[in-house]
Amino acid sequence: MSTSLPPQAPIRASLTIDATVDAIADATEWLGTLAEAEDWPVALKFGLELSVEEALANVVSYAFEGIDAAPMIRLDLLELDGDRIGVRIVDNGIPFDPTNVAEPEVPESVEDAKIGGHGVQLMRHFLESLTYQRQGNENHLTLVTKPKTP
Amino acid sequence: MQIEREQAGEDVLLKVAGRLDTPNAKPFEASLLEVVNTTGGGIVVDLAGVVYVSSSGLRALLVAGKAMRTAKRKLSLKSLQPQIREVFDISGFSTLFEIS
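Residue numbers (our numbering), protein chains in the order written: chain A, 19 to 168; chain B, -11 to 88.
Hints should not be assumed to be uniformly reliable.
[To be verified] List of simulated lysine-lysine pairs, DSS-like, C-alpha gap at most 30 angstroms:
1. B:60 to B:3
2. A:166 to A:132
3. B:54 to A:132
4. B:14 to B:3
5. B:54 to A:166
6. B:66 to B:14
7. B:60 to A:166
8. A:63 to B:62
9. B:14 to B:62
10. B:3 to B:54
11. A:166 to A:63
12. B:66 to B:3
13. B:60 to B:14
14. B:62 to A:132
15. A:63 to B:60
16. B:62 to B:3
17. A:164 to B:62
18. B:62 to A:166
19. B:14 to B:54
20. B:54 to B:66
21. A:164 to A:63
22. A:132 to B:60
Hints in this document: simulated from the structure, not taken from any laboratory.
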């Protein structure tokens, strides 16, 4: 997916969460509060919340296997030009670039369907761009929504 | 997440409400498999009250769907809200389950 980010988008708000499945709810609640305060369109909020959850599910499940350092996960709400919303997810886990994950094959039956692999597919659908960078010992994954006004 | 269970003839109707997200996915999967393992008829999952689903929620349904297929029983879904339907459509799950 293409990148449409300014190189140094200012950070409007940040949230640090634990590296647990239950802490994903802290992140989605944080987004929900921002969405309500800023009156984000319902469909945009749904897609961003879903995309952030899918990204965090990968991070808390896999990023810290075999890592000695204390896990760190931070979400930054980015100030973007125009009417898009950006969220950058930063973690100090093992390098993982979800933008390289291949699309799952469309299964023909429940028997053929593989369990997993749909998170990135959903992110690609709901976002305008999904950008990955490895900076030092950190993964930086930036999610940018489609415009609020289509 | 709330799940209400009703008997409908030989089938079990599960009325699910709330969020089928990553934190809720394991309890949801356990609830589905409990019905799979303790009953013998079909299962209908009513999603009218579900406001959010992520791939973890889809995964729980797929695990139950595979178990039901192995047992030669039917698991079907009903009453998906438009945004929930969109998630099913994008992921290809709409064609895996009978949806009414």
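Quick check: which numbered hints come out false for this structure?
-> 2, 5, 7, 8, 15, 17 and 18
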